[in-house]
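K.L.:
With chain G fixed as given, assemble chain F onto it according to the hints.
Read off the chains here:
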Amino acid sequence: MSRSDVLVDADWVQAHLDDPKVVVVEVDEDTSAYDKNHIKNAVRIDWKKDLQDPVRRDFVDQAGFEALLSAKGIANDDTVVLYGGNNNWFASYAFWYFKLYGHGDVRLLDGGRKKWELDSRDLVDGSEVPDRAATAYKAQAQNSAIRAFRDDVVAAIGNKNLVDVRSPDEFSGRLLAPAHLPQEQSQRPGHVPSARNIPWSKNANDDGTFKSDDELRALYAQEGVDLAQDTIAYCRIGERSALTWFVLHELLGQQNVKNYDGSWTEYGSLVGVPIEIGA
Amino acid sequence: MCGAKAGGPDLAGVDVANETIIQGSVTRDGEPVNGYVRLLDAGGEFTAEVPTSATGQFRFFAAPGSWTVRALVPGATVDRKVVASQGALTEVPIAV
Numbered sequence: 001m002s003r004s005d006v007l008v009d010a011d012w013v014q015a016h017l018d019d020p021k022v023v024v025v026e027v028d029e030d031t032s033a034y035d036k037n038h039i040k041n042a043v044r045i046d047w048k049k050d051l052q053d054p055v056r057r058d059f060v061d062q063a064g065f066e067a068l069l070s071a072k073g074i075a076n077d078d079t080v081v082l083y084g085g086n087n088n089w090f091a092s093y094a095f096w097y098f099k100l101y102g103h104g105d106v107r108l109l110d111g112g113r114k115k116w117e118l119d120s121r122d123l124v125d126g127s128e129v130p131d132r133a134a135t136a137y138k139a140q141a142q143n144s145a146i147r148a149f150r151d152d153v154v155a156a157i158g159n160k161n162l163v164d165v166r167s168p169d170e171f172s173g174r175l176l177a178p179a180h181l182p183q184e185q186s187q188r189p190g191h192v193p194s195a196r197n198i199p200w201s202k203n204a205n206d207d208g209t210f211k212s213d214d215e216l217r218a219l220y221a222q223e224g225v226d227l228a229q230d231t232i233a234y235c236r237i238g239e240r241s242a243l244t245w246f247v248l249h250e251l252l253g254q255q256n257v258k259n260y261d262g263s264w265t266e267y268g269s270l271v272g273v274p275i276e277i278g279a
Numbered sequence: 001m002c003g004a005k006a007g008g009p010d011l012a013g014v015d016v017a018n019e020t021i022i023q024g025s026v027t028r029d030g031e032p033v034n035g036y037v038r039l040l041d042a043g044g045e046f047t048a049e050v051p052t053s054a055t056g057q058f059r060f061f062a063a064p065g066s067w068t069v070r071a072l073v074p075g076a077t078v079d080r081k082v083v084a085s086q087g088a089l090t091e092v093p094i095a096v
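Line order of the protein sequences matches chains G and F. Quick note on the working numbering: the first sequence kicks off at 1 and runs consecutively. Quick note on the working numbering: the second sequence kicks off at 1 and runs consecutively.
Chain G with its partners taken away, still in its complex shape (with noise of 0.2 Å):
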């Protein structure tokens, strides 16, 4: 596998945005961004509203996730291109998420909504929506190894590598959210005990393209992380270290990656389990 398999440019979205299988997901945290404009025939897939289940807190199942794809008008076969704002924070969290369930062909657009923005590249009108017919999509079981839960959490402290992928401030508990969020939250401030604070934004550029293989090598064998040991990367709901997921995973190859998708709302709302505060 190589980064072009996983990664594409704005050029090659370009020139790809009327081949029919190929789909362009826009998958953006502010769920609303897609009414206003995407790129064209872009289909557009809510993180909330979609991808979670309505009650519990947990992903759709297997035949949720089919029956959402089918009527997205995604196959099996297609080639599936994501990108959204806030530097693919959430296009990355669909792409572990179509992993999970086992779509062939994904990739992220590097850079996202915004580098597509900062070179003033054609949006078109949020109510210029595809037509896309219905498929018949089959995901399959939940590959429960890119996965991590709140036990294999605490069974890793000070054994496995924890990638704790939130700003210096939230790490420290200075912050409970990034700062674009209100701070009133329930959970503990501080982090997992022996977790390493390697924030997301090392891995990118300021425009939101992902930074070179050999640059993210080094960022990690300077942050002291062993990558041949297993490491669970975290944030707070899962999302950002879903992009250092993919940087692991995807760009550098290490199979031996999970993410914790219950992250710190979770983690730090348990009772009982240790946390340090403090960089």
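Just so you know, these hints were derived from the structure itself, not from any lab. As the structure is a computational prediction, the values presented were derived from the model and not from experiment. There may be inaccurate statements among the hints.
[Stated by the list, open to error] Here are the simulated lysine-lysine pairs, DSBU-like style, with alpha carbons at most 30 Å apart: (1) LYS81(F) with LYS48(G); (2) LYS21(G) with LYS72(G); (3) LYS211(G) with LYS81(F); (4) LYS211(G) with LYS21(G).
P.N.:
Same frame as chain G, but now just chain F:
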């Protein structure tokens, strides 16, 4: 929508007393600019990023201390250093 609005977005429903708010607007020749605003901590590390609103406005919920606000718009990057405190609005007008 057209025309820039001075200051940050509407504060209705925001618990100002308990938050440390950094907000403002990004303009070019008095007109709002569509782009992104990024908040960097005292060590220069990314803390958050938001797109500007249709009226060029942005807001962050930070912690007391020193921050850098960086506007990223087509063709320009502009930094502003600010000191924020709890219960007060730190207004950052950015002309690019």
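K.L.:
Now look at each hint and say whether the structure bears it out.
P.N.:
Cross-check of the supplied hints:
The straight-line distance between the Cα atoms of LYS81(F) and LYS48(G) is roughly 35 Å, outside the 30 Å bound, and the hint therefore fails. With a CA separation close to 13 Å, the supplied pair LYS21(G) and LYS72(G) stays within the 30 Å bound. For the hint pairing LYS211(G) with LYS81(F), the CA-to-CA distance comes to about 26 Å; that is within 30 Å, so the pair holds. Restraint check for LYS211(G) and LYS21(G): the C-alpha separation of about 28 Å stays at or below 30 Å, so the hint holds.
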